[in-house]
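K.L.:
As a plain string of letters, each chain reads:
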Amino acid sequence: GYHSFSFFSLLQSVVSLPTSPSILVFSNETNTNYMEIIAEKPLQLTAFTLCMRVATELSGEREIILFAYRTNNFDELNVWRELDGRLSFYLSGDGVLFQVPYLGFLQTHLCFTWDSSSGAAAVFMNGRKSQTKIYRKGHTIRPGGRIILGQDPDNFLGNFDAKQSFVGEIFDVNMWDSVLSDSAIQGLFNWRKQDRANVFDWQFAELRPFGAVEVINVDPI
Amino acid sequence: GYHSFSFFSLLQSVVSLPTSPSILVFSNETNTNYMEIIAEKPLQLTAFTLCMRVATELSGEREIILFAYRTNNFDELNVWRELDGRLSFYLSGDGVLFQVPYLGFLQTHLCFTWDSSSGAAAVFMNGRKSQTKIYRKGHTIRPGGRIILGQDPDNFLGNFDAKQSFVGEIFDVNMWDSVLSDSAIQGLFNWRKQDRANVFDWQFAELRPFGAVEVINVDPI
Amino acid sequence: GYHSFSFFSLLQSVVSLPTSPSILVFSNETNTNYMEIIAEKPLQLTAFTLCMRVATELSGEREIILFAYRTNNFDELNVWRELDGRLSFYLSGDGVLFQVPYLGFLQTHLCFTWDSSSGAAAVFMNGRKSQTKIYRKGHTIRPGGRIILGQDPDNFLGNFDAKQSFVGEIFDVNMWDSVLSDSAIQGLFNWRKQDRANVFDWQFAELRPFGAVEVINVDPI
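Protein chains in written order, with UniProt numbering: chain A, 1 to 221; chain G, 1 to 221; chain W, 1 to 221.
No lab work stands behind these hints: they were computed from the structure. From the three backbone atoms N, C-alpha and C, an ideal C-beta is built for every residue, glycine too. Hints are not guaranteed to be accurate.
Some chain W residues near chain G, calculated using beta-carbon distances under 10 Å [to be verified]:
(1) ILE23
(2) GLY127
(3) THR132
(4) GLU214
Let the hints inform the model, and build the full structure from the sequences given.
P.N.:
Structure (structure tokens):
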């Protein structure tokens with residue numbers, strides 16, 4: 001089955017999504033529409049694997065926010081497609097950037113990994129790994145913030161810039177508090193069943209829409 | 001083992017192919033050579049998944065026919081690579097086109113899906129899905145036609161145009177009367193065993209060569 | 001865990017590597033640094049499958065040696081990325097070249113296959129097969145040579161040219177004395193467990209560093 005829902009949540013009500021897996025569609029460039037993900041555990045992290053599937057018809061020179069986790073004063077973890085097509089993430093400060101093929105028109109599976117103890121950071125695109133970079137060794141991501149898809153919050157969930165918003169499909173967003181193995185990440189790309197993601201898991205996560213976010217509900221795999 | 005056969009079937013005899021899997025090779029641009037697939041059930045379809053592996057050294061601006069199913073008066077289902085590199089299919093009328101990466105020199109696994117009840121249409125390239133488009137909601141594909149690889153029939157199996165013919169390798173062509181899940185299609189790309197395709201299955205299908213079609217027979221997987 | 005070791009083996013001592021899988025890093029263009037692989041059986045071969053994972057930031061017009069097996073007087077099996085981006089291999093004489101997508105910045109899984117009885121030669125890039133070419137039918141690769149990664153030996157392990165050296169990461173190099181099936185090779189790309197490679201297997205092979213070769217040791221998969 002293939003069903004589509006639109007949420008206009010002016011009341012910012014909590015919406016219980018239909019059974020997963022669901023695809024979020026941001027149809028237009030806005031500075032109002034986003035989806036909040038409620039994590040299962042605090043994001044006090046010294047390592048993570050963050051994965052998602054995205055498809056966007058945005059092309060050319062444009063920044064695209066892919067994921068934002070912000071506490072009161074810090075962009076704790078922001079994930080971007082940069083102006084020049086590189087993928088990057090920022091842990092409250094300067095970021096780490098990766099040269100990768102352009103996001104094309106097909107769905108792309110992305111994973112970002114980071115481990116504080118070694119500083120090892122990498123990106124996986126459709127299961128294929130980038131060169132490893134050393135970044136923010138010893139750093140800890142702080143808990144108590146909020147996770148959003150679709151917008152880059154320049155303060156605590158406000159001041160959005162439409163020119164940085166996400167337009168397209170995003171789904172299968174999952175986060176672990178450890179670095180998964182290369183083969184496990186290749187397996188995720190291949191839809192191989194994994195243990196439930198322990199920071200948040202797309203199949204079970206509570207999502208809160210703000211503004212108009214379209215949700216396409218697809219049959220279980 | 002690696003064996004090669006050439007069929008020059010001027011008598012249009014039915015040839016029993018060696019045990020599958022086999023690769024069809026169309027070595028030259030012609031308006032005479034094609035392979036007919038005999039389906040196991042009538043193509044009265046309100047949904048389908050059609051998959052194949054192709055490799056072609058054709059490049060630049062050229063239309064390439066990838067699959068044709070035609071009844072007496074209608075091109076019921078034609079699948080194309082368009083002049084500009086897009087992939088498309090046509091259900092007796094205007095088609096639906098998908099922006100995808102160019103077919104390169106390596107073998108490419110393609111699947112096309114369509115469901116009449118929602119109109120959802122998509123292409124999968126090496127397991128990766130395009131954006132979904134809504135196309136021909138409520139339509140039914142008509143039975144009683146013939147399926148051919150290699151040529152585009154402008155009438156019931158005749159009037160071929162060499163400039164639209166397929167040149168290269170094509171194999172592992174399978175069709176189902178339903179839309180497979182994204183993960184099942186990723187699995188097909190990865191050669192994961194699936195249930196037998198129920199409209200026709202490359203491993204068991206009867207094939208009828210017309211003109212010169214080379215068949216490379218490879219060992220079972 | 002993520003650990004890094006550097007070997008400066010001026011004494012050409014045999015170094016027992018930490019438990020695999022390990023990644024070799026050639027950080028700079030040199031004409032001195034290479035790694036020798038000790039095979040488990042003599043390379044008297046009438047067929048082979050040779051696979052590896054590579055990532056390099058080298059781009060533009062530059063030859064890159066990917067693998068060299070040389071006896072006293074012959075380059076028995078040299079594998080190259082050519083100036084124009086094609087992949088190739090040479091069995092003591094003229095080579096066979098394959099048009100493929102450029103090696104990008106992400107890790108790429110490569111397999112090269114050849115079978116003397118038919119002459120069938122092919123390349124697989126991230127599991128996807130090139131067109132098959134007929135090459136050196138009836139030839140036999142001679143035993144008694146040495147296998148090296150990182151340099152092209154113009155005589156028996158000497159006369160290196162920095163401009164042809166490998167720069168980047170290379171690992172998961174495995175060789176079989178037969179041609180694996182297409183689906184088995186797709187499985188290797190997907191990290192699916194296979195039987196141990198019987199000419200040499202990266203997980204168990206003895207490696208001998210010459211000059212400075214960095215080894216990154218990663219956790220078992």
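K.L.:
Hint by hint, say whether it matches the structure.
P.N.:
Here's how the hints hold up against the structure:
With a cut of 10 Å, the hint placing ILE23 of chain W at the interface with chain G is violated, because the nearest CB-to-CB distance is about 24 Å. Interface restraint check for GLY127 of chain W: the shortest CB-CB distance to chain G comes to about 8 Å, inside 10 Å, so the restraint holds. Evaluation of the THR132 of chain W hint against chain G yields a held restraint, the C-beta minimum of about 8 Å falling below 10 Å. Interface hint at GLU214 of chain W: violated, since its Cβ lies 31 Å from the closest Cβ of chain G, which is beyond the 10 Å cut-off.
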